[in-house]
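Participant: Protein sequence lines, in the order shown, are assigned to chains A and B.
Take the first sequence: its position 104, counting from 1, is numbered 104 in the working numbering, and each next residue is one higher.
Take the second sequence: its position 74, counting from 1, is numbered 223 in the working numbering, and each next residue is one higher.
Hints listed in this document are in silico derivations from the structure and should not be mistaken for laboratory results.
Mixed in with the good hints, there may be bad ones.
DSBU-like, lysine-lysine: derived pairs with alpha carbons at most 30 angstroms apart [said to hold, decoys possible]: (1) Lys248/B x Lys66/A; (2) Lys137/A x Lys288/B; (3) Lys93/A x Lys288/B.
Taking beta-carbon pairs under 8 angstroms as the criterion, some of the chain A residues facing chain B (in silico) [said to hold, decoys possible]: (4) Ile17; (5) Ile24; (6) Leu27; (7) Leu28; (8) Ala31; (9) Val32; (10) His35; (11) Val36; (12) Lys56; (13) Gln121; (14) Glu127; (15) Ile129; (16) Ile130; (17) Asp134; (18) Leu149.
From the three backbone atoms N, C-alpha and C, an ideal C-beta is built for every residue, glycine too.
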Amino acid sequence: MSKKKHLEFEINLIPAIDLLSVCICFLLLTAVWLHVGALNVKQAVGGQPASESVKKPTVWVQLDGKGGVAFDVRDARVPAKLAKAKIEGKEGKPDLEALKGLVTDLKAAEPALTTVLIQPQAATLYEDIIDVMDSFKKEGLIDLGVAPL
Amino acid sequence: MLSTSIVKQTAFHSVIGESSIIAPESERKHRNIVADLLLTALIDAFSILVIFLLMSFSSTGEILYLGKGQELPKAAAGDQLERNPVVKFDDGKVYIEDKEVSGDGLVEALLDLRKKFQETRPGEEFPGMLTVQADRRVKYEQLSSIVQASAHAGYSDIKFAVVMK
Chain A
1 MSKKKHLEFE INLIPAIDLL SVCICFLLLT AVWLHVGALN VKQAVGGQPA
51 SESVKKPTVW VQLDGKGGVA FDVRDARVPA KLAKAKIEGK EGKPDLEALK
101 GLVTDLKAAE PALTTVLIQP QAATLYEDII DVMDSFKKEG LIDLGVAPL
Chain B
150 MLSTSIVKQT AFHSVIGESS IIAPESERKH RNIVADLLLT ALIDAFSILV
200 IFLLMSFSST GEILYLGKGQ ELPKAAAGDQ LERNPVVKFD DGKVYIEDKE
250 VSGDGLVEAL LDLRKKFQET RPGEEFPGML TVQADRRVKY EQLSSIVQAS
300 AHAGYSDIKF AVVMK
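Okay, chain A solo, but in the shape it has when bound (with noise of 0.2 angstroms):
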């Protein structure tokens, strides 16, 4: 007499559980919840005589200590208005939104724009500063210096 073979079977699901349990530990542990990351400037170290160095088209912006934000764009072919463009301060902080319309238009206007040097005051907050950074990286001026008091 030959006996049936049983078709039906069930899969041992304790093991997986007990795997997929450690891993949950371990990715508990070592989960980072907090996303730290960097904004980069670049700082002129040492000197270049000025006949060896390249005019770029470069912003300079003046922060004070009251969100104002004073543009002075040089060597670029720019309308006047953008060139000494000055965006007052909102609440005591800068105004991004109207920070980013001047960024978008002064980039429209030389493409070629890529660099910029912030000059904060004394009573600027920290906050405000890496603020005007962010929004200038988010149009595509990458280049970004912070020129010390």
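Model the placement of chain B on the given structure of chain A, informed by the hints.
Facilitator: Chain B in isolation, oriented as in the chain A frame:
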């Protein structure tokens, strides 16, 4: 033993329970204690948890140690943080790699770090990278000395630590 115990004999009986048509108490059978667990649903939930945690896993590890009450500024266009010498400004004091330095000794300490790099990795070009960690409410007059000192010591690439939006 239980059937003859005083508790059994004197226990109150529910009249409603005994006269129930659907499941009279006196005729109720013992339930089977061994219950079938739905393991498939459990594995599904565990798998989703593992996928979510794997997505938030970071292999770079902790580079910065945030002090109590210290809040980093937020930015959206930041890059990934790399392992560089960390200059921390916390509570009016400046630290290089968690070692306190005076304002005047900052350039010297940075030059020492540079010297150590050149000694340990001869022939390799000095990258000149530095990570600055400071609270978002700090005024620039307190950070300017760090920017100035790093330029003096030949660190041309400053990375301001931010929390990614």
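Participant: For the hint on Ile24/A, does the least C-beta distance to chain B fall short of 8 angstroms?
Facilitator: Nearest chain B Cβ about 5 angstroms off; hint holds.
Participant: Return the status of the interface hint for Val36/A: holds when the least beta-carbon distance to chain B is below 8 angstroms, violated otherwise.
Facilitator: The hint holds - Val36/A has a Cβ within 8 angstroms of chain B, the shortest such distance being about 5 angstroms.
Participant: Go through the hint on Val32/A and say holds or violated, using the shortest Cβ distance to chain B against 8 angstroms.
Facilitator: 4 angstroms, holds
Participant: Can the hint on Ile17/A be confirmed by a CB-to-CB distance to chain B that is less than 8 angstroms?
Facilitator: 6 angstroms, holds
Participant: Once the shortest beta carbon distance from Ile130/A to chain B is found, is it less than 8 angstroms?
Facilitator: Since the shortest Cβ distance to chain B is 4 angstroms, the answer is holds.
Participant: Against chain B, with CB atoms and a cut of 8 angstroms, does the hint on Lys56/A hold up?
Facilitator: Status violated, d = 17 angstroms.
Participant: Quick check on Gln121/A please, does its C-beta sit within 8 angstroms of some C-beta on chain B?
Facilitator: 7 angstroms, holds
Participant: Closer than 8 angstroms between Cβ atoms is the bar; does Asp134/A clear it against chain B? Give me holds or violated.
Facilitator: 4 angstroms, holds
Participant: Taking 30 angstroms as the top limit, are the C-alpha atoms of Lys93/A and Lys288/B close enough?
Facilitator: 13 angstroms, holds
Participant: Given His35/A as an interface hint, is the shortest Cβ-Cβ distance to chain B below 8 angstroms?
Facilitator: 4 angstroms, holds
Participant: Take the shortest C-beta to C-beta distance between Leu27/A and chain B; is it under 8 angstroms?
Facilitator: 4 angstroms, holds
Participant: A closest beta-carbon separation below 8 angstroms is what the hint needs, so does Leu149/A meet it against chain B?
Facilitator: Holds, about 4 angstroms.
Going down the numbered hints, you'll see the structure goes against 1 and 12, while the others check out.
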